[in-house]
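Enquirer: The primary structure of each chain is shown beneath.
Number of protein chains: 2
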Amino acid sequence: MTNPTAAILVIGDEILSGRTRDSNMHFLAEELTRIGITLREARMVADIHSEIVDAVRTLSSKYTHVFTSGGIGPTHDDITADAVAEAMGAPISHRADAMALLQAHYDRSGLPFNEARQRMARIPDGATLIDNPVSTAPGFTIGNVHVMAGVPNIFQAMVASVLPNLTGGPPLLSQSLRVNRGEGEIAGPFGALASEFPELSMGSYPFIQNGAHGTNLVVRGTDPGQLDAAMVKLTRLFG
Amino acid sequence: MTNPTAAILVIGDEILSGRTRDSNMHFLAEELTRIGITLREARMVADIHSEIVDAVRTLSSKYTHVFTSGGIGPTHDDITADAVAEAMGAPISHRADAMALLQAHYDRSGLPFNEARQRMARIPDGATLIDNPVSTAPGFTIGNVHVMAGVPNIFQAMVASVLPNLTGGPPLLSQSLRVNRGEGEIAGPFGALASEFPELSMGSYPFIQNGAHGTNLVVRGTDPGQLDAAMVKLTRLFG
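Same order as they appear, the protein sequences are chains A and B. Sequential numbering of the first sequence, starting at 3, is according to my numbering. Sequential numbering of the second sequence, starting at 3, is according to my numbering.
Read the hints as simulated data drawn from the structure, not as lab findings. Worth double-checking, as some hints may not be accurate.
Intra- or inter-copy, both count: the list cannot distinguish identical chains.
Below, computed lysine to any residue pairings styled on SDA-like, alpha-carbon distance capped at 20 Å [as the list claims (entries may be wrong)]:
| id | residue 1 | residue 2 |
| --- | --- | --- |
| 1 | Lys235 | Glu198 |
| 2 | Lys64 | Ser52 |
| 3 | Lys64 | Glu53 |
So here's chain A without its partners, still in its complex pose (with noise of 0.2 Å):
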């Protein structure tokens, strides 16, 4: 597959506490997955800076685009924004267009631009802003790398404004066949089939259901003749 590529990671400490259950990840793959960005690997760290500049700077070498969520609010613990210009090898200050930015928007609300909601303003040097609807408060786009909010509406909105900015492949396309025998009888000719198709990947996951098993087979591919052509060999051999 020769689709762009990208990664996610999700900075914070109440995920990893299991407090919080993440659902930036799923919504993240499910947009690209219709844009044709293939994402490749997840990961999510503590608020530890030293752990979100490794993890910037690898994901950011490895993939086309690297997307983070969480830890760019007002408080101590959101340090994501220093991390990734570290990361980035980018200088950071509070810089005068997200600083115009907020400060017309507490203005308007009559709540203090004090010091703590000053330090949404921090943005390295040469990263361009991410439009945040919903509390003003920008994410940025430096290199590769996107870096959003973890208020699952804030960041899927931040979503929607950078996404359209991306050049995706064609669409991840996938196909299934719910098949009532378990993984161990339909695996050998399933195998078959997947190295008859090279370059359509073919995934089975199993299931119980009512004490008996099954299997979710799934072909996943950007080529729409190549996936018809691989459903109806499958539905011929299990359906």
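Place chain B on chain A using the hints.
Expert: Just chain B, lined up with the frame of chain A:
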């Protein structure tokens, strides 16, 4: 914190394509928190041999324990056991103890113990088997790496048989306070309080409800006395 650390590696295309939403990471996070093992990182990678090998190597050298989920079934896309063996430098074969377990299972069920099913007996030399009360095919522990199935009820059963053998630290406790103010309003004094209690971890999680900003303040640590003292001060500040 001196508690033992852990990472989870979730293996499988179906999570990254957005087709399936992972639940094993969240389940394990809660279980580890309860027994005082700190989950420090989660990774999700595709069914690609070299990716699995690299991730297992990195994580097993970095943390006390690594838990993997997925890719130990009978089909061609189940490549976890061989990848873990390579990462840990161990030979792998159809091991006699696992063959015997599976042979007995298929004898009882009357299903053929075919080549695909025999693949599930591929276990690295020196590994200890992990019991699978749901469908027999075992997981295994090699070094500090615990290799488990991806199907959630089997994953959970395997976790239940592995965790009692691990030494945890004092459980990670948490208390929280819900505040009807935005993060930007409480960030200054909250950050100051966090630096008063360097052994606790304090996080703030904003939410919007009925158009109003609010924040959940969460304090985590292993010392109940410190936790109570911090909560008294927190409630005095914002309660």
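Enquirer: Go through the copies and call it for Lys235 and Glu198: within, between, both or neither, with a Cα cutoff of 20 Å.
Expert: within (10 Å within a copy, 66 Å between copies)
Enquirer: Can you tell me if Lys64 and Glu53 fall within 20 Å by alpha carbon in one copy, between copies, both or neither?
Expert: both (17 Å within a copy, 12 Å between copies)
Enquirer: Within, between, both or neither: how does the pair Lys64, Ser52 come out at a Cα-Cα threshold of 20 Å?
Expert: both (18 Å within a copy, 14 Å between copies)
The structure meets every hint from the earlier list without exception.
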